[in-house]
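Build out the structure end to end from the sequences listed, making use of the hints.
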Amino acid sequence: MNPSSRAVVVTLAVVVFALCSLAPVAYLLAVALADLDPAGLWLDARQRQLLWNTGLLGVGTATLATVIGAPLGVALAHVTLPLRSFLRLALAMPLLLPPYVVALVWTYLCGGRGVIASLAGRDVLSGWTYSLPAAILVLSLVYYPLSMLVTEVALRRIDGRLEEAAVVSAPPLLVLRRITLPLAAPGVLAAALVIFVLSVSEFGVPGLLRVRVYTTEVFTAFAALYDSSRAMLLAVPLLLVCLIVAFVAVALAGERLVSTRRGHGTRPVLLEGWRVPAAVAAILAVGLSLGVPLTVLVREALSVGSLSAVVEGSGRAISNSLVLAAIGATAVVAVALWLGYARARSSGCLGRLADVLFVVAFAVPSTIVGVGLIGIWNRPGLVGTVYGTDVMLILGYLARFVPVAALAIAAVTRYVPVSQEEAAAVGGAGWLRTMTRIVVPQIRLGLLTAWIIAFVLAFGELGVSILVAPPGEATLPIRIYTIIANTPPSHVAVLALLQTAVVLSPLAVLALALPLRASAGARRVSTAAGAREAR
Amino acid sequence: MALSVQGRLGRHFAILLALSWVVGCQSSERPERMVTIYVSTDRVFSEPVLREYEKRTGVRVNAVYDTEETKSTGLANRLLAEQARPLADVFWSNEPVRTLVLKARGVLAPYRSPSAEGIPPALVDPEGYWTGFSARIRVIAYNTTLVKPEDAPHSVFDLADPKWQGQVAMADPRFGSTSFHVAALYAMAGDEKMDDFFRRLKANGVRIVDGNSVVRDLVARGEVKVGLTDTDDVNVAIEDGQPVAMVLPDATGLGVPVMPNMASLVANGPRPEEGRSLIDYLLSSDVERQLAHSDAVQIPLHAGVPGPKNIPAIDSFEPMTLDFTRAAGRVEDVTGRLAGILGL
Amino acid sequence: MRSSAVAVRNVTKRFASHQALDSVTLDVTASESVVIFGPSGCGKTTLLRLLGGLDVPDDGEIWLGGVQVAGPGRSLLPPYRRRIGFVFQDLALWPHLTVSGNLEFVVDTLKVPRSERHRRIDDALRLVRIDGFAARYPHELSGGEQQRLALARALVGSPRLLLLDEPLSSLDAELRAAMRTELARLQKALALTTIYVTHDREDAAVLADRVIEMRAGRVVTATGTARTEGRA
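Residue numbers (our numbering), protein chains in the order written: chain A, 1 to 535; chain B, 536 to 879; chain C, 880 to 1111.
Just so you know, these hints were derived from the structure itself, not from any lab. Just so you know, not all the hints are guaranteed correct.
[As the list claims (entries may be wrong)] Just the calculated beta-carbon pair ranges, DEER-fashion:
(1) B:828 <-> A:127: 53 to 59 Å
(2) A:52 <-> B:728: 32 to 38 Å
(3) A:173 <-> C:962: 18 to 24 Å
(4) B:875 <-> C:1014: 54 to 60 Å
(5) C:1014 <-> A:82: 44 to 50 Å
(6) C:962 <-> A:82: 34 to 40 Å
(7) A:121 <-> C:960: 52 to 58 Å
(8) B:847 <-> A:299: 35 to 41 Å
(9) A:15 <-> B:860: 30 to 36 Å
(10) B:641 <-> A:7: 45 to 51 Å
(11) C:1065 <-> A:445: 41 to 47 Å
(12) C:980 <-> A:299: 51 to 57 Å
[Claimed, not checked] Pulled a few chain C residues facing chain A out of the computed Cβ check, cut under 7 Å:
(13) 931
(14) 933
(15) 942
(16) 958
(17) 959
(18) 963
(19) 973
(20) 975
(21) 984
(22) 985
(23) 988
(24) 992
(25) 1036
A quick note: this is a predicted structure, and the numbers were derived from the prediction, not measured. Note that the Cβ used here is the ideal one computed from N, Cα and C, for glycine as well.
In structure tokens form, the structure reads like this:
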């Protein structure tokens, strides 16, 4: 046992997290407080309206996304759906669509002269096109896969014996309602919390759909008034909202509920009669959240005379984006692993505080992170040599995405019993060896998931990137968003499709490799289960 | 044993660091001469101009382009944040407000370019912090199948007429060229008159949308009959054969709102000499010609440079005689007023 | 024969390449306590799972109380209709429910009035002597108390057949002996048909009316025990 190596590595990760994620906010807050009287900015009538809209957007999206996603997760875990791996992939894909693009599609569809109006022969939806419910719907269609995937993972992690013990005395639906779902609830709740934070810190969708929330107000302080201090102070209530919601969620989830053991290979079939309705619902969800946006985009894109003229010259931006997102995701996971581990191994107040801190750090609007990073790094001397290089983009990715990766990794690390580490320590292994040989192999699927999440988020990152990217051709989102100024909708559609296709390509390769490995794993488990049953 | 694992981990970190260093260095393998410019003029229009400069001089141009005003908080904030140690040598803005904010905050340095010769003095900063070139105009676009030319509104103030109830669109007046336009109107016509106008416009059911291109699209599709937007946006639709035409508003009265590009030197930029050379080029007749003949249809300010088609020449109408500094000074106050009046 | 409490007829079950049960036939009469004894992997747990309806036989028939509940490749009666109590080797207590919550889940499926349900829960807890712990969560109980809770949960629904899968295997020797005596007491008091799977000869000696020994998926011997002879 080498307790000092553990202390060193965890401390190092905490320092990186503090430097990247917390320092920019602290820096801007310090500047802002020195600059402005905070009292004048808080909770006049306008602020109360912002608070209400922001809360409604977050709670509404978290609820709707869970209502759509969680049942699909149940279906994936408990119904033998045809082509399950393929369905899961298709159902998860909306997460890759930039929310802004989905909102754009919504406006194409529902405007007074939009597709729906021309199909219906009259204007049915234009009153709702630019509204809070529309923003909730759009964000839910993008974020429901999070709830779905987390629910499925949570259900698969439930010890099959707990369900079997229930099946012998109650009908399947009752087992699902009173045993299975409550056991999966902490996971579902955690996903809802992440969706809440994602939607209240989203700027593109409420901006386009003209919903007044804190992010748009922060944006206005920057874009209309060039006032970063005011923007920072405006972000404080947003962060407070996230703080409160995170506290409530953490209190609700509690520690007791996460003590479920690793799942067994056998699992009673709970929803056999639901194959057809579940398949129909899944296909409907794919159609609505993926089929409709892609169809509308392709339809718009086809009206472009020459596709190559639009896409031309994007090669450098694409390769930059892929390389940077891959390095960024790797760096994010490399830091988040130790933070997540430390979180999983600390209980009580400290652990809960860490959860809350991750959630709040994740909610900081990207422009604030960007301006804060510039303030910290763009200075004379050694520190300044980093500024103006691509390292800034990696720091930006670390700042924004380490918290969410750490939350995800903490969740999976909790399933590795402490006793295994103790056994390794007793066996003479140092802590790092125990981590690399005992803990990491058991959470590698979780690490891969965290990597993919970080990759997708980093690939699509715009808010920080556009502020800290070195001059010259930078990333694909920057290229796309700087090109779409003043281009017709058809060109926007082509570029949106391009971005989706590019981020999809490496993930499709991973996804094709994954089911094989996952099913190989399942086979191993089921033969082990078979051997056990045969006793 | 633990040591060897630490060693391996150390190697992973080293590889990671090396990788990020390699990526970082992609942008530092630079040719001898280079210049960095931040550009808020649409990339599709500005990039060809900068490429042409590279071709002519061999100087590598590192450009950072801006998104549409409503998509990101933009380059002005980046310039402000980087003020202590700027990366940029030149700032090329597509409207006056941002430049004047940056001047007021001490981000810019004065430079009087010889190429400014021949540009109307009203469009050149007497202190030399900015020089106007290639201008756009704020226009009223109307749908030609729904509105006859003689019925089209001829002043911005006509848009509050109940005749256009529910038929007017404009971009969010807190951002971009629209913010310049409304600040100019407040500076010219006075607060009382403008507050009243926007109250009536609100009562008239004006549609506030995400950008000037959206205004154009709404007009082109006939979702609204008229809208306030920019010349370049309207031109795209005209070239596309859509039923849109434009009116230069307030030609009699306040004057037509002309909105030049502005080139400025960044204070304490890393390569001031290269910056000055690039500004000289941007202000040249060649660039004005290029921007006039591209889809940007920007109006040349140098006398004798042929103007774009679809757009009247600069000497054919009465431009708004505007003190840009005064207009820009009103932006914060006007933004607050309009947020209240229009419920933004 | 088919009126016996449990009748297993030529039941066969394979897992992948492993023959778990090879044409097993077995009868248990009402109130009889049968211990299935054998080494790990002999198929005894599989037999219990087939009786409980958690798996389906590849071939053969299973009858409970004169009703066929499973045939070749299909279940004819879902587990929750078979009226069985099942104690799992690892107990499988529901961690999100309290002690009484664990029992409530079972009695809520019975069509009896609310007051009757409470009475049954109280009775079951008293029967296994953990009636002071109703509000605790499983992880707040000691190993022996958890064991008793698992037993109470299996009994509270008034099953006609109790299936126990090595329920004492995780206990230390002293506690194991105490629980074994406790089980024997309950068995006598309730006169419940019981099938008990173990690889421990002590369990077999104390708890069984009859011991069935299995090896490699087959029943090798069936012997009465001292207990039966004493009773007879």
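Results of checking the hints against the structure:
no.: 1; hint: B:828 <-> A:127: 53 to 59 Å; result: 43 Å, violated
no.: 2; hint: A:52 <-> B:728: 32 to 38 Å; result: 34 Å, holds
no.: 3; hint: A:173 <-> C:962: 18 to 24 Å; result: 19 Å, holds
no.: 4; hint: B:875 <-> C:1014: 54 to 60 Å; result: 57 Å, holds
no.: 5; hint: C:1014 <-> A:82: 44 to 50 Å; result: 46 Å, holds
no.: 6; hint: C:962 <-> A:82: 34 to 40 Å; result: 35 Å, holds
no.: 7; hint: A:121 <-> C:960: 52 to 58 Å; result: 54 Å, holds
no.: 8; hint: B:847 <-> A:299: 35 to 41 Å; result: 37 Å, holds
no.: 9; hint: A:15 <-> B:860: 30 to 36 Å; result: 47 Å, violated
no.: 10; hint: B:641 <-> A:7: 45 to 51 Å; result: 46 Å, holds
no.: 11; hint: C:1065 <-> A:445: 41 to 47 Å; result: 44 Å, holds
no.: 12; hint: C:980 <-> A:299: 51 to 57 Å; result: 54 Å, holds
no.: 13; hint: 931; result: 5 Å, holds
no.: 14; hint: 933; result: 5 Å, holds
no.: 15; hint: 942; result: 18 Å, violated
no.: 16; hint: 958; result: 5 Å, holds
no.: 17; hint: 959; result: 5 Å, holds
no.: 18; hint: 963; result: 6 Å, holds
no.: 19; hint: 973; result: 6 Å, holds
no.: 20; hint: 975; result: 5 Å, holds
no.: 21; hint: 984; result: 6 Å, holds
no.: 22; hint: 985; result: 5 Å, holds
no.: 23; hint: 988; result: 5 Å, holds
no.: 24; hint: 992; result: 18 Å, violated
no.: 25; hint: 1036; result: 5 Å, holds
The structure fails hints 1, 9, 15 and 24 (numbered hints given earlier, in ascending order).
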